[in-house]
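**Student:** In order, the protein sequence lines correspond to chains B and V.
Mapped onto the numbering used here, the consecutive letters of the first sequence carry residue numbers 2 to 350.
Mapped onto the numbering used here, the consecutive letters of the second sequence carry residue numbers 601 to 791.
Simulated from the structure, these hints should not be mistaken for laboratory data.
Please note that a few of the clues may not be correct.
[What the hints assert, rightly or not] Computed, partial: chain B to chain V, Cβ under 10 Å:
no. : residue
1   : Leu70
2   : Val124
3   : His151
4   : Val153
C-beta atoms are modelled at their ideal positions from N, C-alpha and C, and glycine is treated no differently.
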Amino acid sequence: MHGLMPEQVLLWDGAVLDRFMPMHLLVGQDGVVERAGPTLSRVFPGRALMGSEFGDLFELRASGGAASLADIMARGGRRLRLYPRDRVPGAVRTGMRGLAMALPESGQVLINLSFGIDVVAAVRAYRLTVADFAPTDLAMELLYLAEANHAVTAELRGLNLRLDGARLAAEEEAITDPLTGLKNRRAADAYLARLCATGVPFGVLHMDLDYFKTVNDSLGHAAGDLVLGEVARVLRRQTRAEDCAARIGGDEFVLILAGQTEADHLVAVAERIIAGVSEPILFEGQVARVSASVGIGRSIDHAYPDPALLLADADAALYRAKRAGRGRAALAFDKGSAGVRRPVNNVLP
Amino acid sequence: MQGLMLRSMQAYLRGTFGAEVWAAVVREATLPVDGFEPMLRYGDGMADRVAQAAAQVLNRPADVLWEDLGTHLVTNPRHEGVRRLLRFGGVGFTDFLYSLEELPDRARLALPDLQVPDLVLQEVGPDRFCLTCKFPIAGATRILGGVVMAMADDYGALVVIDYVASETIRIDVPEIRHTTGRRFDLAMPGA
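Produce the entire structure from the sequences given, and follow the hints as far as they go.
**Tutor:** Right, dumping it as structure tokens:
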């Protein structure tokens, strides 16, 4: 039945055409624009579209490069990809796509255009409003989706940042010694491993407190905790942000100084620490006194430094420092005076 | 949706009444956490529990708090995105009201697993509409009421709303163009 009906010719007046296809163009056989939908005049502000050459308004793209409308129609192509030749200053280039059909008898070409995916950029560049689109156009849905997507992404980014903050806090907790706020053994091991792996030279100070047990036994654990806190303060004063100061056992500490391998400098740091630690500490009206012995290892003593090697060096030097009398620093592989430096303070109990 | 509502309520209470009030709400509701994540799922009943606790702490009805939250979501510049997404619903306030029925589908387009209230609009008389909102959270209808009031203002319409049943809002629109309303540009600001 349907196929047998005689074809009807629809006569549309301009207003209907403008509403259904606000981005249409009617181009005469001579390539001159005879009618243009209202939204297109927004794309060419201050320019009369009627009477303009189609080729002056748009750059047509077809497979094989630029083309003219006549070429495309002759080749039977009807799908167009085109770019307005006028550009809004500062705006991104917005393309359009469209469909062209030759009208019977008159030879005119009716083209309907759309911004396609470039609609997001187009509404900005041409300050378009809802009224510039046909109600059937999915432009609003696309804009809506772009904004909804933007909002969801922002929320997810916020969630990620908050989770990441929580992760960092948890990690920080896992590598921190809760009593002193210094790093713990795990953190020191990881830090050493990283320096060795990246080939950064460094010095390691292994410190053991002297007379700590005496303080614990005579003044109690609270006094011991106070002493540990004071020691941590001394260590923090002697370290930079890039260094690692860790408490690795009851009264054992490790200081890793990145980029510092000069013997005199490392010994000077150790002696300043020993001097600081040896300052008397007041606990509930009583004086707590400790001192410290320090063994120093240096990555440059080895062709292939690794954490265990360096810790063993520092530990051996610490043992020599202790044997030589307390409150001293000793350097691994030091020739002079068996590697033990002079005592730092003479106020030991 | 639960997460979004809880997070919005949290932001609204903290922003409007201060962090201490929010901390008191957390205590009152005996929440296992001190804040909600908008993109995470929470059990049914959590949102109403928080609202009840807030009502207790602030000594005002939970319904009023939900409604204020709805208004806040549309009018607060920090949530400009909410207003913008709703304004895409239509050129005028009546278009907007009809677009509410599409809202669940639109929302699911952006977040496929989002649980959204079921919204049905009926034109029950001249300039009179009934909007029903089916959702497991009791506060949802009140939020919607607050949103509709604020959006009417945004469009410049004069409306009167009544909560005629637990899931139904009656909307009277005596004047569709009472003021010029707020401007709406299709282009996203600052993007």
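**Student:** Each hint: holds or not?
**Tutor:** Right, here's what the structure says about each hint:
Because the smallest distance between the Cβ of Leu70 (chain B) and any Cβ of chain V comes to about 30 Å, over 10 Å, the interface hint for this residue is violated. Residue-level restraint check for Val124 (chain B) holds (minimum Cβ-Cβ distance to chain V is 4 Å; threshold 10 Å). Taking 10 Å as the C-beta cut-off, the interface hint given for His151 (chain B) holds, the closest approach to chain V being about 6 Å. At a threshold of 10 Å, the smallest CB-CB gap from Val153 (chain B) to chain V is about 6 Å, leaving the interface hint in force.
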